[in-house]
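Peer 1: Based on the hints, put chain B with the ligands in the right spot on chain A.
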Amino acid sequence: MAYPYTHDKEVRLLSRGWGDPASRTLEGWKALGGYEGLRKALEMSRDEVTGVVKDAGLRGRGGAGFPAGVKWSFMPKEKKGPHYLCCNADESEPGTFKDREIMRWTPHQMIEGCLIAAYAIQADHVYIYCRGEFFETNEIVGRAVEEAYEAGLAGTDILGSGVNIDVTVHVGAGAYICGEETGLMNSLEGRRGLPRVKPPFPAASGLFGKPTTINNVETLAAVPHIVVNGAEWYRQWGTEKSPGTKLFCVSGHVKRPGNYELPLGFPLKELIYDVCGGMREGRKLKAVVPGGSSVPFLDAAECEDCSLSYEGVVEAGSMLGCASVMVMDDSTNIVKQVRRTVDFFSHESCGQCTPCREGTTWLARILKRIETGRGTEEDLQTLLELGDQMTGTTICVLSDSAAAPVRSSIEKFRDDYLALIRRGEKVGAA
Amino acid sequence: MSDETTERAPFRNPGWAGNTGEFDLSEDEVRGRSYVGDHAPEGGHASRVPTVPYMLPEKDPEAPLFEGPYRERFEKILSRYPNRRAALLPVLNLAQELRGHVSPETMSEVAGILDLSDAYVRGVATFYTMYNKRPVGRYLIQVCTNVSCNLCGGDEVLAAFLEHTGTEAGEISDDGLFTVMEVECLAACGFATAVQINARYFENVTPDDVPAILDRLREEAS
Ligand SMILES: Cc1cc2nc3c(=O)[nH]c(=O)nc-3n(C[C@H](O)[C@H](O)[C@H](O)COP(=O)(O)O)c2cc1C
Ligand code: SF4
Ligand code: FES
Chain A
1 MAYPYTHDKE VRLLSRGWGD PASRTLEGWK ALGGYEGLRK ALEMSRDEVT
51 GVVKDAGLRG RGGAGFPAGV KWSFMPKEKK GPHYLCCNAD ESEPGTFKDR
101 EIMRWTPHQM IEGCLIAAYA IQADHVYIYC RGEFFETNEI VGRAVEEAYE
151 AGLAGTDILG SGVNIDVTVH VGAGAYICGE ETGLMNSLEG RRGLPRVKPP
201 FPAASGLFGK PTTINNVETL AAVPHIVVNG AEWYRQWGTE KSPGTKLFCV
251 SGHVKRPGNY ELPLGFPLKE LIYDVCGGMR EGRKLKAVVP GGSSVPFLDA
301 AECEDCSLSY EGVVEAGSML GCASVMVMDD STNIVKQVRR TVDFFSHESC
351 GQCTPCREGT TWLARILKRI ETGRGTEEDL QTLLELGDQM TGTTICVLSD
401 SAAAPVRSSI EKFRDDYLAL IRRGEKVGAA
Chain B
431 MSDETTERAP FRNPGWAGNT GEFDLSEDEV RGRSYVGDHA PEGGHASRVP
481 TVPYMLPEKD PEAPLFEGPY RERFEKILSR YPNRRAALLP VLNLAQELRG
531 HVSPETMSEV AGILDLSDAY VRGVATFYTM YNKRPVGRYL IQVCTNVSCN
581 LCGGDEVLAA FLEHTGTEAG EISDDGLFTV MEVECLAACG FATAVQINAR
631 YFENVTPDDV PAILDRLREE AS
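As you go down the protein sequences, you meet chains A and B in turn.
For the record, in the first sequence the residue sitting at position 37 is 37 according to my numbering, with numbers rising by one throughout.
Position in the second sequence (from 1) plus 430 gives the number in my numbering.
Chain A extracted, bound-state conformation (with noise of 0.2 Å):
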């Protein structure tokens, strides 16, 4: 197929189709068995689909890895009035790329799994909630929810079940913190995408105030997939604790960066070095970020035998996350690329924690202090002691990632925060 690269170690679940333009339209979505899960779904009860999603053990994709099922089956089961269903298509931690593809090359994928969960939480209404910056993925979502009205897949008596679904697709406008479940909510009502309080919990009171389920872009497109087969055979991949394939976002310093499904616990090393080609020429691998920027930094030694599974991560010293698996060489200014990402999370702090605002401010002067040879060893101290007021201490966990790199940086590549320092002092003295 015409996708840049694919490897045979691969399992192409929900990339299957990717880099066909023809599998973007209903028709060509049909052709590979589309549309089966949500008539075969239709079929069902509200609680058997629950449940088979439930002991597929399927995690959440949009960084935290909660089980999709279980958080289905906290919606209330007598319905009072309108429930919703978010879907988070504001893609936008540092390191991932795996939605926008599922977006424009499979979007009646989405779509499909989006009216599957809808039946299961008994939604009205489905909200796409697509980053505002994907202005061609958002067309091409646009359109397949078109075709999916007009050949009665969304909207009133879906497939002649009596079911009535309306699906929006709604565009966001640029910030970050709206990937947070209850900032996404707000700014889906008109308001800043402040996050809220919890509790009370968004199947409570989410968006308008009514029960509400959000999930991950890829967490609902492999819902169409376990519906059709099966929750045994979804576990054939992964671990126990982390069941099925999962969309790894390789990128940097790697020959061959970019998307590929491979089953969960698969080794990291056997991606950097089969499946991504190995480091860059002459290179060798020095640090890999592997849940994109808000989680800790592995050192070489750590990644020796880091498996790749919610459980196995943080075995090594790190987290999944969004599995945006970011790789640096032994190029790499570590300080630099730990200012750059403190001055995202300032960028985006939403502003309601101090610990947040200043902290993330803080953080990122203190870096640039350092990275520009005017830093002092006590300013090490000072970070640590930062990270540790803005962590567990906020509304969101923003303030949390935030603090995160920059601990585990300075715990793991301690010299080279000691070099730019020295070299300052040497330029100072001169």
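Everything labelled a hint here was simulated from the structure, so no lab data went into it.
Computed from a predicted model, the values in this text were never measured in an experiment.
Just so you know, even glycine gets a beta-carbon here, dropped at the ideal spot from N, CA and C.
There could be a bad hint or two in this list.
What the hints assert, rightly or not - If you want the footprint, here are the derived chain A segments under chain B, 3+ residues with CB under 8 Å: (1) 16–25; (2) 88–95; (3) 339–345.
Peer 2: Relative to chain A, chain B with the ligands alone:
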């Protein structure tokens, strides 16, 4: 349209990583142009109305809010939400599509249309980075300098765009064509460096590609 873009395919950055692997798709196929088709002026089915791009080359800062097909699109947007407030973002998008930027006057007008206060709309509009608070060039060029792109030379690509347009970040070039800015991760990190130009993505951009991209934009504009 597709013929013309297909012929351009040797161009290195057709909006996709393809040409670093075995690339055999036309730019049109990558971008999905023929699938999406031309938007009906009134936006097609109500479910997709918000997906009409709101960063377009043609801008008219004086354009009325909202008349003709835009009125229809506005009504369709309202029909998708349980209250008027929720339509605020899509409606601001619509305003920016017409006018190119969202000025304080535009914010007030939108506030009036949706029965919200001026201050409320201003608070929301300034929260989101994609609302241009000031006019921008015909082409808004946004270069990702976040970590994955940074590792692969994003800073150099930004510098090349600034140099070849002869601008400082955020300014409009003398010919009115270009505004260059830094942007946070565009979710194309495996295809670094990622650049967004109005509604289009360009991927795998290197500093060497920059003159050709600018030439192409100049040609489109003429
Ligand atoms: C600061 C922040 C940003 C987030 N950004 C995204 C995002 O861009 N896309 C996403 O799917 N989830 C994002 N999340 C996670 C969501 O809050 C939420 O957990 C997820 O959408 C739930 O879907 P899942 O259970 O299917 O993973 C973010 C979380 C935080 C704290
Ligand atoms: S932690 Fe930061 S981003 Fe999250 S709510 Fe608080 S201020 Fe906003
Ligand atoms: S870091 Fe540049 S697109 Fe993600």
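Peer 1: All hints, please: hold or fail.
Peer 2: Quick rundown of the hints versus the structure:
With 4 residues bearing a CB less than 8 Å from a CB of chain B, the segment 16–25 of chain A meets the requirement of three and the coverage assertion stands. With a threshold of 8 Å between beta carbons, the proposed coverage of the segment 88–95 of chain A by chain B holds, since 5 of its residues qualify and at least three are required. Taking a C-beta to C-beta cut-off of 8 Å, the segment 339–345 of chain A contributes 3 residues in contact with chain B, enough for the three needed, and the coverage statement holds.
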